[in-house]
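Colleague: Keeping their order, the protein sequence lines are chains A and B.
Numbering-wise, the first sequence is residues 4 to 339 according to the working numbering.
Numbering-wise, the second sequence is residues 4 to 339 according to the working numbering.
Treat the hints as calculated values from the structure; they're not laboratory data.
Treat each hint with caution, since some may be false.
Same chains, same label: a pair holds when it works inside one copy or across any pair of copies.
[As the list claims (entries may be wrong)] Within a straight-line C-alpha distance of at most 20 Å, the following computed EDC-like cross-link-like pairs (lysine to aspartate or glutamate) qualify:
hint	residue 1	residue 2
1	114	263
2	93	52
3	114	125
4	158	288
5	30	110
6	324	105
7	5	110
8	298	125
9	30	125
10	251	292
11	5	191
12	32	144
13	157	53
14	32	120
15	145	105
16	158	211
17	296	311
18	142	66
19	32	125
20	296	125
21	240	160
22	298	283
23	142	191
24	5	113
25	286	160
2 protein chains.
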Amino acid sequence: MKIGMSHGAGGGIMQGLISEIILENLKNKSVNGGVGLDDLDDGASIPMDDYEIVVSTDSHTVDPIFFPGGDIGTISIAGTVNDVSVMGAKPLAITNAMVISEGFSGEDFEKIIKSMDAVCREAGVSIITGDTKVMEHDKLDKIIIATTGIGIVKKGEIKRDSGLEIGNKIILTGSVGDHGISLMSYREGFGFETDLQSDVAPVWGMVEAALKVGGVTAMKDPTRGGIANALNELASKSGVGMLIDEEKIPLKAEVVAASEMLGLDPYEVANEGKVVMGVEADKADETLEAIRKTKYGKDAQIIGEVTDNVHVVIETLLGGKRILEAPIADPVPRVC
Amino acid sequence: MKIGMSHGAGGGIMQGLISEIILENLKNKSVNGGVGLDDLDDGASIPMDDYEIVVSTDSHTVDPIFFPGGDIGTISIAGTVNDVSVMGAKPLAITNAMVISEGFSGEDFEKIIKSMDAVCREAGVSIITGDTKVMEHDKLDKIIIATTGIGIVKKGEIKRDSGLEIGNKIILTGSVGDHGISLMSYREGFGFETDLQSDVAPVWGMVEAALKVGGVTAMKDPTRGGIANALNELASKSGVGMLIDEEKIPLKAEVVAASEMLGLDPYEVANEGKVVMGVEADKADETLEAIRKTKYGKDAQIIGEVTDNVHVVIETLLGGKRILEAPIADPVPRVC
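Using the sequences and the hints, build the whole thing.
Modeller: Laid out in structure tokens, this is it:
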């Protein structure tokens with residue numbers, strides 16, 4: 004068997020590779036009964052006395068490395084900080100392992116480091132240790148940045164993907180598809196007369212506001228595979244279904260237009276600054292208001308609710324119903 | 004400026020890149036007053052109530068990926084576990100971010116995962132979360148594995164590179180150059196009739212035994228740049244010198260022979276299962292005995308002592324003295 008592109012695309016084929024080769028061959032996959040590798044959550048946890056250490060890791064290989072709204076540095080910090088955040092933990096620190104291609108521009112490298120710094124300042128996290136390697140130019144294209152985030156949450160307050168309960172409301176913190184569609188538009192050189200930009204941003208501000216209200220049951224940041232993947236993962240891990248009101252899903256007009264031209268489904272492409280979360284029904288309105296007051300949350304919506312169905316069902320704009328499936332693999336070349 | 008191979012080679016040129024571009028452009032570099040990025044230690048720490056969380060990260064790009072004595076999987080776990088260990092922290096968990104080249108053999112991938120599992124079992128650590136990406140075959144050669152290790156140490160008991168005190172004895176836990184020289188021999192296809200293998204192994208057993216005695220002041224695992232780099236880093240960060248007795252440095256006959264044929268200095272090439280440590284003089288013998296009783300420590304030696312000199316001075320086999328300099332860059336193509 005040869006590893007193919009779809010094995011890394013965040014869909015069902017990738018899940019197969021992970022289960023059959025990785026999970027199957029490892030014995031030690033959790034520590035002290037915390038969230039571990041088998042849980043395939045956004046990260047993992049190490050329970051200590053009064054709290055849990057939460058960690059998450061990601062290798063960033065975005066193409067192009069500079070794009071409207073950010074660059075690989077922005078995404079390396081935001082992406083990892085976000086994975087820690089959606090476990091309910093306050094992100095504190097980042098480790099940063101970079102592999103750079105021989106001949107890479109020192110000026111571009113400096114720009115990337117400055118982007119990382121900007122997100123760190125905004126999110127209140129520190130890059131506390133790192134590693135820098137250089138690979139021959141014929142062995143690596145440009146740069147790969149692997150970041151690991153470390154956060155802290157009080158014991159018992161960690162949010163797992165499996166936490167949804169029937170009757171919960173589903174909140175989406177803003178418009179979907181901005182990252183994936185803007186990158187694809189930019190990459191294909193389509194001259195859309197648009198200001199469409201990646202939504203890459205740290206989500207901790209929105210998460211913290213929502214957690215303070217006290218009704219959040221589960222969260223996920225919809226990156227690879229888009230909200231189609233994130234909603235299905237939350238539902239299947241929680242053993243529930245969802246009924247989503249399509250009318251409520253925030254979508255920018257430019258994203259709709261570009262999606263049609265590119266033949267892409269905005270529900271299946273990556274976002275880099277959004278959260279979907281389950282919230283106890285009686286706290287949903289208050290949580291929505293709290294999120295809307297934050298920097299990136301003003302377009303947040305309650306988009307549906309958790310049901311005892313086994314599928315994520317969308318009530319379409321025309322009033323019909325269809326099942327929203329998790330993508331088998333990325334519908335587009337990798338953009339995150 | 005273009006990034007060159009020497010920028011990632013673990014020597015002085017790399018220190019320059021790190022200082023001028025990375026450290027210079029980042030504001031947040033530590034958390035709660037712990038060991039941070041500016042310390043350029045083996046890892047970093049996040050002080051909590053009664054203990055510190057210790058983290059270390061590394062991108063592994065070894066060539067060849069399978070070599071006598073191990074593979075990139077072995078080294079990914081051992082290397083990261085060792086960096087946590089030499090900070091005095093018990094390693095608990097690993098995060099594992101892999102980027103695989105499209106077309107990479109599934110069988111080789113499985114072998115690598117099995118090697119990771121074996122080291123995890125031996126070291127008592129768990130791979131608790133991960134990330135898997137696939138890159139186009141013309142953009143990445145083979146595989147890169149970025150691991151981050153998380154460990155715990157009681158507050159105040161962390162071992163920093165700067166901890167050496169004048170009069171301390173220097174212990175080296177075994178023979179040097181095995182990893183670098185065996186890989187270079189293998190890679191060059193030299194038909195040495197030898198069993199020379201990489202020394203890749205987790206060092207926590209040796210470190211734990213030494214820590215129990217109570218006199219360890221500083222530790223480092225001599226990887227890139229070899230013991231020449233590790234001893235100089237310890238000395239310069241502690242503001243001291245060393246006098247090393249060359250006769251006491253354990254060197255395998257095959258390493259000496261192969262080094263001469265390859266024109267390499269075994270003090271400057273990587274090790275993957277050794278520790279150099281400073282120990283209070285009155286506890287040095289007891290510490291040495293404790294290390295010698297462990298699986299990988301039977302050849303440990305007291306190789307010298309900490310002086311008020313500013314250099315690492317070697318008393319050579321012929322009775323002369325020379326300064327052991329830190330290498331400017333790797334003397335060999337990257338082997339770790």
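Colleague: None of the hints should be skipped; say for each whether it holds.
Modeller: Tested hints:
1. 114 to 263: Neither way: residue 114 and residue 263 sit 33 Å apart in one copy and 44 Å across, limit 20 Å.
2. 93 to 52: Result: close both inside a copy and across copies, 17 Å intra and 16 Å inter.
3. 114 to 125: within (17 Å within a copy, 41 Å between copies)
4. 158 to 288: neither (27 Å within a copy, 44 Å between copies)
5. 30 to 110: between (44 Å within a copy, 19 Å between copies)
6. 324 to 105: neither (52 Å within a copy, 38 Å between copies)
7. 5 to 110: between (37 Å within a copy, 8 Å between copies)
8. 298 to 125: Classified as within: same-chain Cα gap 11 Å, cross-chain 47 Å, threshold 20 Å.
9. 30 to 125: between (38 Å within a copy, 11 Å between copies)
10. 251 to 292: within (16 Å within a copy, 70 Å between copies)
11. 5 to 191: neither (28 Å within a copy, 28 Å between copies)
12. 32 to 144: Neither: 32 Å inside a copy, 28 Å across copies.
13. 157 to 53: For residue 157 and residue 53, the Cα distance is within 20 Å both inside one copy (6 Å) and across copies (16 Å).
14. 32 to 120: between (32 Å within a copy, 10 Å between copies)
15. 145 to 105: So residue 145 and residue 105 pass the 20 Å test inside a copy (8 Å) and across (17 Å) alike.
16. 158 to 211: Within one copy only: 16 Å inside, 29 Å across.
17. 296 to 311: neither (32 Å within a copy, 60 Å between copies)
18. 142 to 66: both (17 Å within a copy, 11 Å between copies)
19. 32 to 125: between (33 Å within a copy, 14 Å between copies)
20. 296 to 125: Close inside one copy (17 Å), not across copies (50 Å); limit 20 Å.
21. 240 to 160: within (18 Å within a copy, 41 Å between copies)
22. 298 to 283: neither (23 Å within a copy, 54 Å between copies)
23. 142 to 191: between (25 Å within a copy, 19 Å between copies)
24. 5 to 113: Result: close only across copies, 11 Å inter versus 36 Å intra.
25. 286 to 160: within (17 Å within a copy, 45 Å between copies)
Comparing the model with each earlier hint shows violations of hints 1, 4, 6, 11, 12, 17 and 22; every other hint is respected.
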